[in-house]
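Letter by letter, the sequence shown follows residues 1 to 347 in my numbering.
Keep in mind that the hints are not guaranteed to be accurate.
As the list claims (entries may be wrong) - Quick list of in silico lysine-lysine cross-link-like pairs, BS3-like style, CA-CA up to 25 Å:
hint, residue 1, residue 2
1, Lys294, Lys323
2, Lys150, Lys95
3, Lys323, Lys214
4, Lys238, Lys288
5, Lys122, Lys150
6, Lys150, Lys169
7, Lys98, Lys122
8, Lys158, Lys98
9, Lys98, Lys150
Because the hints were derived from the structure by calculation, they are not lab data. Because the structure is a prediction, the values reported are computed rather than measured.
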Amino acid sequence: MGSGLRREAPCTSWVSCWVTVAVPARRLDTLSQSTTGSTVKGDGLCQVLTNPCLNPKPQKPWEKDAWEIPRDRLKLERRLGAGQFGEVWMATYNKHTKVAVKTMKPGSMSVEAFLMEANLMKSLQHNNLVRLNAVVTEEPIYIVTEYMDKGSLLDFLKSDEGNRIQLPKLIDFCAQDWKDANIVVIYKQKGDRAVCGNSRGISLLSIAGKALAKIMLSRLVEHILETVLPETQCGFRKTRSMTDMVFVLRQLLEKSREHHKDLYIAFIDLNKAFDTINCELFWKHLSKLGVPPKFLSILQQLHDGMQARVLTGELQSEFFEVKVGVKQGCVLAPLCYHLPLPPCHGT
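The whole structure should be built from the sequences, with the hints applied where relevant.
Right under this line is the structure:
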């Protein structure tokens, strides 16, 4: 590489940062020259950056970035609704693209607070969220988003077109949001906090999705599980707990001593049990147990195409697809885990 090529590493505060500088090595003829030269000027690749970079600041009303568009490219056509702080209009961008424009009512809130919403939408890019298209930061400020041609969800469901939608299709609409999860890490209250194995992840789920899952679980338990699961299975079952299993174990110990019989006890700790469940095999197992196809379809919709992201402090990861396992924190997760286990009890 030639001299002068430099790459600055990213930094997030006013601290000394390091950059990598590729420079041609000096040619030294003797060992003494090498020793003397290194004490005067080193050939290392790292140098202190004397002018560190700054944190990116939230957009101010007078600042413009790549999201900024000229106001004259927008034509407001019809007001869609209004709230305490602003109005929403249907508009045309560049004379052919329909967009939604949110405006701020004069005196209702500060310009900085209004722009905070736009800055938040810039960082939230997801298929199930309203997409930000552009902003106009000169007053009156506009936040330009994608236009939802079906309008208000409540009004759409009350319309003739909404009334013709079948229940499974409505469930599909809701399931898109219900099956996404935010994963947070909780310390197990044992061992070193720096060891990842001493913490476990919990999925924070949609309240509506959890309510539906609880209803479906109650129906499965009432009509299927109580006739399928053996008496020896006490985990995650109503009116049963670890206390029952401890009592049974003590009875076995006493009886084995009383009758002079050998007793073999094995304690098995399944590592990452919920994370390794094969959902496809679980659906087939439920079908063999006589679960109605429509009921099974709703269960599948809550799990197929799951997405999750990790939250830690004020940071969050990108959404990633969950292809194996079930959500840690879903009321259906224990069912998915222990329902396929009964055949193991007889071996």
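Hints, verified against the model:
1. Lys294 - Lys323: Status holds; Cα separation ~22 Å.
2. Lys150 - Lys95: holds (21 Å)
3. Lys323 - Lys214: This hinted pair holds, its Cα atoms lying about 23 Å apart.
4. Lys238 - Lys288: At roughly 24 Å apart (the allowed maximum being 25 Å), lysine 288 and lysine 238 satisfy the hint.
5. Lys122 - Lys150: Given pair lysine 122, lysine 150 holds - Cα atoms ~24 Å apart, limit 25 Å.
6. Lys150 - Lys169: Status holds; Cα separation ~16 Å.
7. Lys98 - Lys122: holds (20 Å)
8. Lys158 - Lys98: holds (24 Å)
9. Lys98 - Lys150: holds (13 Å)
Every hint, counting from the list given before, is met by this structure.
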